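Positions -19 to -1, 1 to 330 (mature numbering (1 follows the signal peptide of the UniProt record, and there is no 0)) are the ones given, in order, by the sequence shown.
Hints listed in this document are in silico derivations from the structure and should not be mistaken for laboratory results.
Heads up, a few of these hints could be off.
To be verified - FRET-style restraints, in silico, Cβ to Cβ: (1) Gly169 x Glu120: 27 to 33 Å; (2) Asn291 x Asn181: 34 to 40 Å; (3) Ser309 x Glu224: 19 to 25 Å; (4) Asp139 x Glu224: 46 to 52 Å; (5) Asp135 x Glu288: 49 to 55 Å; (6) Lys294 x Thr229: 41 to 47 Å; (7) Asp172 x Asn291: 33 to 39 Å; (8) Asp19 x Ser237: 38 to 44 Å; (9) Glu288 x Ser174: 42 to 48 Å; (10) Glu46 x Gly127: 50 to 56 Å.
Owing to the predicted nature of the structure, the values given are computational and were not obtained by experimental measurement.
Don't be surprised by glycine CBs; every beta carbon is placed ideally from N, CA and C.
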Amino acid sequence: MKKWLLGLASLSLVLSACSNNEGGDEANADSKSGGGDDTLTMVWYPNESGNELKDARDEIGGIIEEATGKTVEHELTTDYAIAIESLVNDNADIAFTGAEGYIQAKERNDAIEPMVVPSGESGTLDDAMYYSWFAALPENMEQYEGEDGEYALDNFKDKKFSFVSASSTSGFKVPGSTLVSHFGEQEGYEDLSIENISQNGNLFSEVMFGNSHQGSAVNLLTEKADLAAFCDTCVENYVELSEGEENTVGAIYKVSEDAAAPFENLAGEEFGILSATPVLNAPFVANTNTLSEEEITEITEVMASEEVANNEKIFVPEDAEGGLFTKSADEKFVEVEDEWFDPVRELGQ
């Protein structure tokens, strides 16, 4: 198994939130007012806005309704920016974001606070992480090898690259910071930064955004991009392991036969993993401008309860298909503070 050349330890334990929006019950996130007397507005990223995750969204909404006595209205989005703007402008009460999206929202609206994140197998924050991938088509992986046979970032130069969104942690902030850290010390790339790496010609011949992790993977599989960044949990409902070990360099994944949109015409297509970097899990966040302290406490307590931890519509069994979160051991939601996301804030600084 090939090992990634670079020391990515400094980037381990940082985050994203990752399912495709098929439109169905989508509403315009800019058109609502959060914190109404009888309703709560919950906004979702494109990754979690797909019809295949409707049952999980509805179950979470139902639990919040029971805790608060208010009706939950789900805002489904097609762009990270829409979800973030909804929080910033007090048009949403609750959201499931990535670490970077939460940080961006809080920088513009200090009333945004994290409530819980899904834990790791231990049931704690210690292993509350998923993985950010650099991926390529299997037939092209060899061209990214260095002289020693290991994959090398140097060979990424001048390729067509797909990120997820500028507000994505595992689909932009983590991979972008990795690339800037590596190339920034090389001649000709002294001015490379997380702000300009997405511009054509600065490092890559062409840069594109998938607007979701699924979209970035599709850009790779349809050969619009030579390389792509996306996360493991965001595509796990659409792909299966074909070769190697999960979340390890050299592993090959293929699109499942019954994969939903946007993979419905890509069954059997494969991609390979060039790197896998641990990333902090995504938070559910609350807007203290539109929710009372009592409401936030009620929502946080019920989300972190054993009842929710044992709810198989939210934490689906490991061998089950679909679902937003997987239960393989002691996974549950755990309370989290703002400081937990500081490693993400420090990326690119």
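**Request:** State, for the Cβ atoms of glycine 169 and glutamate 120, whether the hinted interval 27 to 33 Å holds or is violated.
**Result:** holds, 30 Å
**Prompt:** Taking the beta carbons of aspartate 135 and glutamate 288, is their distance inside 49 to 55 Å?
**Reply:** holds, 51 Å
**Asked** Has the hinted range 50 to 56 Å been met by the Cβ atoms of glutamate 46 and glycine 127?
**Response** holds, 54 Å
**Message:** If I claimed the Cβ atoms of lysine 294 and threonine 229 lie 41 to 47 Å apart, would that claim hold in this structure?
**Reply:** violated, 30 Å
**Asked** Cβ-Cβ distance between aspartate 172 and asparagine 291: within 33 to 39 Å?
**Response** violated, 52 Å
**Prompt:** Should the hint that glutamate 288 and serine 174 are 42 to 48 Å apart at their CB atoms be regarded as holding?
**Reply:** holds, 46 Å
**Request:** State, for the Cβ atoms of aspartate 19 and serine 237, whether the hinted interval 38 to 44 Å holds or is violated.
**Result:** Check passed, 41 Å falls within 38 to 44 Å.
**Prompt:** Range hint 34 to 40 Å: satisfied by the CB atoms of asparagine 291 and asparagine 181?
**Reply:** Given range 34 to 40 Å: violated, Cβ gap about 49 Å.
**Message:** Can you tell me whether the CB distance of serine 309 to glutamate 224 sits inside 19 to 25 Å?
**Reply:** Holds: the Cβ-Cβ distance is about 22 Å, inside 19 to 25 Å.
**Asked** Taking the CB of aspartate 139 and the CB of glutamate 224, does the distance hold inside 46 to 52 Å?
**Response** Once the Cβ atoms are compared, 28 Å apart, the range 46 to 52 Å for glutamate 224 and aspartate 139 is violated.
When each numbered hint is compared with the structure, violations occur for hints 2, 4, 6, 7.
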